[in-house]
Amino acid sequence: MRKRIGATVLLGIGLLAVGVAQNSRSSTLVYGGDFSDLISLDPGISYEFSGGLVTDNLYETLVKFEGEDLSTLKPSIATKWATKDAGDSWKITFNLRNQKFSSGNPVTSDDVVYTFDRAIALKGNGSFLFDEVANMKIGSTKAINKNTVEVSLPKTASPAAFLNLLTFNIGGIVDSVVVKSKAVNNDYGSAWLKNNSAGSGPYVLNRWDQNQQVILDANKNSRLLPRLSRIILREMKEANTQKIALESGEVDIAENLTPDMVKAKASDSKFVVYKADSLRLQYLGMNAGAGSLFEDARVRQAVRWALDQDSMVNVLAGGNARKVQTIIPAGLFGFNATNPYSVNIEKAKDLLKAAGKPNGFEFEMLVPQGSCAAGVPCADLSAKIQADLAKIGLKANIKQIVQSELLGIYRAQKAQMVLVGWSPDFPDPDGNATPMSDYGAKSLAWRNAWNNPVASKLAQQAALETNATKRAALYKQLTELQLEEGPFAILYQPKVPITLSTSVQGYKRNAQGQVRFEKISKK
Amino acid sequence: MLNAAIPAKKQASKASRRFWRNPAAIVGIVLITVLVLVAVLASVISPDPIAQDLTNRLMPPSSQHLLGTDQLGRSVWGRVAHGASLSLQVGVIVTLISVSVGVLVGLLAGTFGGIWDNVLMRVTDIFFAFPSLILAMAIAAALGPSLTNTIIAVAIVNWPSYARLVRAQALALREREFVEAARAIGTSRLGIALRHVLPNTLTPVLIQASFDIGQAILTAAGLSFIGFGAQPPTPEWGAMVSETRNFISEAPWASSAPAIAILLAVLAFNLVGDGLRDALDPRNTH
Amino acid sequence: MLNYTIRRLFFVLFVVWGVSLATFFLSQVVPGDPALVALGDKATDEMIANFRVKNGLDKPVVVQYFSYVGRLLQGDLGTSLRTGRPIIDDLRDFFPGTLELSITALLIAALIGIPAGILAALNQNKPPDFMIRFLALLGGATPIYWLAILLLEFLHNKLRILPGPGRLDAYLLTPARVTGFVGIDSLLAGDLQVFGDSLAHLILPAFVLGAFSSALLARMTRASMLETLSQDFIRTARSKGVSQAQVVVKHALRNAFLPVLTVLGGVLGGLLSGAVLTETIFSWPGVGRYTTDAAISLDFPAVMGVTLLAGMAYSIINLVTDLLYALFDPRITYA
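Chains as they are written, first to last, in this note's numbering: chain P, 1 to 523; chain G, 1001 to 1286; chain Z, 2001 to 2335.
Any given hint could turn out to be false.
Short, incomplete list of chain G residues facing chain P, as computed with Cβ under 10 Å [unchecked claim]:
hint, residue
1, Arg1057
2, Pro1060
3, Gln1071
4, Ala1141
5, Gly1227
6, Gln1231
7, Ala1239
8, Ser1242
9, Asn1246
10, Phe1247
11, Ser1249
12, Glu1250
Some residues of chain Z that are not near chain P, with every Cβ distance over 12 Å (derived) [as the list claims (entries may be wrong)]:
hint, residue
13, Arg2071
14, Ile2103
15, Leu2135
16, Tyr2171
17, Gln2231
18, Ala2313
19, Ile2317
20, Val2320
FYI, nobody ran anything at the bench for these hints, they're computed from the structure. Every residue, glycine too, gets a C-beta built ideally from N, C-alpha and C.
Using the sequences provided together with the hints, build the complete structure.
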């Protein structure tokens, strides 16, 4: 008897589980990925990748990129914009479209002023884009009339860079009427906006269950008509979990499969692999400071001659990467496609000999935990590098530590060698050139104790050069100088392989990780 | 508990006979012997654990690769075999440390009593209140990932149980005739602790320790699995399961081989522990 | 009894204080800079300096400790560096998931372990006994994460018998939060479909989590049953012609239950440790995974918060088992 009750209960559970409403499946997209970096869905605060994926669909920006293109700005809330040289400053004006927020309130120039001033005042992780990169202050943005806004920037800032920045999370225009009403203790409504939305994007936030899911519902007041009524971002940290869920149909898209899983799915007719671009560079940083083992540029060259990049790209990354050796990623202005280094153990050994280190040496390689670019486990990538360097007599002791601890050591110039990645803050070569070349910028060149005045000067010049031909020439000079002397061994530029069920249509992702959910449909 | 009336020698030989008549205990001893042999002879009987061969990744077991290869084309057999000495070392060192600390604390608390007892046992209680893996994880995170730190973390988690065990024994012995006799002839407390209490606590400690070697291996492997353990490319078993877990569909051998190695090692020490308890403590019929 | 209970409650407070001191000490030796944990790679030196001032990290350690204790006394566990939220809010969100999983695991462990132990004891040195002892040995030695990966691969991915990771199918909406327990909340909302799905999702992870404990319980039950069965009063009962079933149910079980009860408390504590590994593999939004994520990112305030609550829970569970022990066994009295 008891057995029968047990069986009935189990059967009942089974039936209920199977009976998940079929009709909701065609109008709902379930997106599996590691969204554990989400800390807030407030566009003024969110700076992480996952944050961008969500806020970009909740909030519209003044201007935006479409599809995979990152070179031509397209109208969004602003129908037109113009940059004027006002002598001591730049004046950029935007004409706004007539449209509504999800609350039904109209989008006006007051909302733009509030959004920009708020983003600076909040001092979030992304605020530096406005106050440091664009040199904006509270008050830089003014409403000319209900549908016209003007931003003034000092001459030290680049108007082109500013317009690019507007496409980020931080440029998402919030509904000032709603947000002001939710503000407590001068927090500009950030506690409320953390898990609510007040934008004009194609979706509104239904709910965010931390470490579980983000649910977006179609915004009925949006100008952009979404095809799907609901998007569910389901947090799955484990690659294997994502793979299983994709195979069982529980998710339609998986973001973080391992290269081997991607390869298997690419040959399966039920799935499609979409390889999105990325501006990230995976690199080895070598401390070039006085007294360091890597002080001599010839030692750093020897390292570059020893690295088997082809295997990293083709085997470890499963082909989901591009072999790159220069400091500006492909896809940005100024990219230098030359790859002069290939595996040459003899040459590497000669260089070590010339540098007075014929017997090689032993050192510590700092490696973060988890995955490196293109989904390659950092443990595997570092083991491969260790094996490559062993061939020229360099003994790397791998020290895999927590990201923040690694950063602490690296930022104090105390690392001998680090295996890390870098993504530019905005799609412009300066996002890599200055941090990697200008010692005075106190970024990557500084962390590797590489002080090269020529490189610093070139980076500074190129950043402000408005003539495209001259700028290209400066970057060519800089990238070649870096190839010879620089403290980096660039390993590869990853692709982001996204595995989709064939039923998903219209998925596109740009190199900033933005996906327009309103264009996605399911068949 | 030992019966003081029977001469120790006779009792030991009786216990030894009981132990060697227990088939499960013998299986445990055989397994441990095999493990030790593999650990000692690893570089003779198995290939280089870190040599990569990217053209032969995730190969199934074959005559060429006994247990197949992993995601970097390294020999799984080579890695499992070389990992044996690491895991054995971790298990033994952790247990040595926790036994030393725990016995010392328990002995002090049990023989001196009073304030010593109160302070030491309250500290022990605090350590008991932590969920073991979470405490070990917190310590390992604070110290930074390395095998040495894993050993420290697991030892810190394990010692309190010895302290309690030894203290309980010491308290029980305090009332026994031979201890009272020793006290009567003016033996100092320390003398009593070392000469009379310590030898009599060894049996339960030995039994507990043989279980704990296995548990220490299991906990340390768990820490490595999360990422607080050996540094790559060290062939530590827990780390190996972690590194290869995403290949469970296409290369199940890569994660199963080290996992089964952990299982066998833990099983071996548990069997020996069971055998020791049955032999030395016959009243306890587990 | 009342006196004893009050004394033990003071002891709980003492343990919690000790745990807070120990974790605070640990947090001081952590190599990572909390500011970098919170702000990430792109933080400027100025941002880091501001963060340190804002969080009192620039003050001497002793001052930091007293302000930490001061906040604890007000029930403030601090703010997580990783999620940027009050830790108490994080735990409120994640704790029900772990409790749901642990209780189910405990039930599974008890339902498998105790009957198996009885069965083994009644058939001492016969095939069922050997079988059960062998399985119990295996269960006590298997790395839980490997068991999780294997079962997930075969029972879910290959055979599709049981649902996989997570608490609910992605297409089902979690019911409005009342208690945080998906099962209870779905019943309150009258949503049987969600209720059924949440139960089905519990089976695999709870089994994995309960496997180790059920092995332990089986061994304990067997041992204490054997001990009881060999005692005089059982022999007397048997000689009086009481049937085997009655002997087992009326006499042996009751007496064998006490030692089992003592391990039960320890088992619940052990489950929290097991949850660390199980929740990671099953994408289970619980405290175990939260703690792992916190430890991996060196978010020490969060780790401290979890250990503090776990220490408190452990002490209280122990207190409750001891009191239960007294209730069940009239021979034990507490002064």
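Can we keep the G:Ser1249 interface hint, with Cβ of chain P closer than 10 Å?
Holds, about 8 Å.
G:Gln1071 was flagged as interface toward chain P. Is the shortest Cβ-Cβ separation under 10 Å?
Nearest chain P Cβ about 6 Å off; hint holds.
Outside-interface status for Z:Leu2135 - nearest CB in chain P farther than 12 Å
It holds; Z:Leu2135 is separated from chain P by about 21 Å at its closest Cβ, greater than 12 Å.
Restraint outcome when G:Phe1247 is required to lie within 10 Å of chain P by C-beta distance
Result: holds, 7 Å to nearest chain P Cβ.
G:Gln1231 was flagged as interface toward chain P. Is the shortest Cβ-Cβ separation under 10 Å?
This hint holds: G:Gln1231 lies near chain P, its Cβ roughly 5 Å from the closest one there, short of 10 Å.
Just to be careful: measuring from the Cβ of G:Arg1057 to every Cβ in chain P, is the smallest value less than 10 Å?
holds, 7 Å
Classify the hint on G:Asn1246 as holds or violated, based on whether any CB of chain P lies nearer than 10 Å to its CB.
Holds: closest Cβ of chain P sits about 5 Å from G:Asn1246, inside 10 Å.
Please settle this one: Z:Ile2317 was flagged as non-interface, so is its CB more than 12 Å from every CB on chain P?
Non-interface label stands for Z:Ile2317: nearest chain P Cβ at 26 Å, farther than 12 Å.
With chain P as the partner, please determine if G:Gly1227 meets the hint condition of a C-beta pair closer than 10 Å.
Check passed: Cβ of G:Gly1227 comes within 5 Å of chain P, closer than 10 Å.
Chain P contact restraint on G:Ser1242 - CB to CB distance below 10 Å:
holds, 9 Å
Examine each Cβ of chain P, and state whether all of them lie more than 12 Å from the Cβ of Z:Ala2313.
holds, 21 Å
Minimum Cβ distance from Z:Val2320 to chain P greater than 12 Å, as the annotation requires:
Since the minimum Cβ distance to chain P is about 29 Å, Z:Val2320 lies beyond 12 Å and the statement holds.
Hints 2 and 16, counting from the list given before, are not met by this structure.
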